[in-house]
Amino acid sequence: MDDLRDFKALLERVAHISKWCPSTDQLRSIREDIKRTISSRGKLTVGDVEGIIARRVPDAIYAMLEGVDNSDLKALLLIAQQATASKQIDSH
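Residue numbers for the sequence shown, in this note's numbering: 1032 to 1123.
Be aware that a few hints might be false.
Beta-carbon label-pair distances, calculated as ranges [stated by the list, open to error]:
# : residue 1 : residue 2 : range
1 : GLY1073   : LYS1050   : 31 to 41 Å
2 : ILE1069   : ASP1037   : 11 to 21 Å
3 : ALA1040   : ASP1090   : 17 to 27 Å
4 : ALA1040   : ALA1085   : 14 to 24 Å
Taking lysine to aspartate or glutamate and the EDC-like style, the derived pairs with C-alpha atoms no more than 20 Å apart in a straight line are [claimed, not checked]:
#  : residue 1 : residue 2
5  : LYS1039   : ASP1064
6  : LYS1074   : ASP1064
7  : LYS1039   : GLU1081
8  : LYS1066   : GLU1081
9  : LYS1050   : GLU1081
10 : LYS1039   : ASP1056
11 : LYS1066   : ASP1079
12 : LYS1039   : GLU1063
13 : LYS1039   : ASP1090
14 : LYS1066   : ASP1034
15 : LYS1074   : GLU1063
16 : LYS1066   : ASP1037
17 : LYS1066   : GLU1043
18 : LYS1050   : ASP1037
19 : LYS1050   : ASP1090
Simulated from the structure, these hints should not be mistaken for lab results. Even glycine gets a Cβ: it sits at the ideal position worked out from N, Cα and C.
All chains should be built: construct the whole structure from the sequences, respecting the hints.
Given below as structure tokens:
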């Protein structure tokens, strides 16, 4: 059972899972799917692991770690600051 607990912890780190409650059978199925993928393709990617987990435990919740593109927000902020500065100059 400790090996499944360790396996679950490893999956959580690799796939950035923040909340899930997989059963023992689900963890075993994930392990078998991973073995099958490695056997057939010779490699395993994080995307493969995430896909396997999503199929076996669809209610798992993942942490989003990718950066958010704020370039549009920054551009809007710059425009708003310029408009405010322009109004202040015009009012003097």
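Check each numbered hint from earlier against the structure, then list the numbers of those it violates in ascending order.
none
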